[in-house]
Amino acid sequence: MINSFQEMKTYIFNVALLFILGKDEIHCREDLKRCYYILEKGYNSMPINLPGTLFHKAMKARKELAQILAKIISVRREMKHNYNDLLGSFMGDKEGLTDEQIADNVIGVIFAARDTTARFLHGSLNTLERIPVSYKLS
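Start counting the sequence shown at 1; every next residue gets the next number (this note's numbering).
Bear in mind the hints are in silico, worked out from the structure with no lab data behind them. Some clues are possibly wrong.
As the list claims (entries may be wrong) - As a list, the in silico DMTMM-like pairs of lysine to aspartate or glutamate whose alpha-carbon atoms are at most 20 Å apart:
1) Lys-41 / Asp-85
2) Lys-23 / Asp-85
3) Lys-60 / Glu-100
4) Lys-57 / Glu-78
Turn these sequences into a full structure, and let the hints guide you.
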């Protein structure tokens, strides 16, 4: 049986990465996904930072996620190319965000987009399934 909510979350995650990083950073996506999924599992866990706990694993994944993003930012700064994506927008901000602030914002956008958008789409599909007249053309 297909879990439509999980499928929506996966789809939205891929769309969010495309929006944030564009299509150039494809080589980092699997590492970003791996770290983010570990982070997400420990998000609501008991905040006990002992090895083996979900919280500890999540904090390690969060640090690795920030390192991956820092590497992408560093490469982009060296290339001095204007990227037309969210990360490029954060990097070009006149206020001058630090790399750590940029990474925090990117992680926040992924979290917000993945969960809320997936819930909305899943709810919409459930409504269409329960009330067939809602999608029939008159």
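Outcome of the hint check:
1. Lys-41 / Asp-85: violated, 27 Å
2. Lys-23 / Asp-85: Holds, at about 9 Å.
3. Lys-60 / Glu-100: Holds, at about 15 Å.
4. Lys-57 / Glu-78: violated, 32 Å
Of the numbered hints stated above, those contradicted by the structure are hints 1, 4, listed in ascending order.
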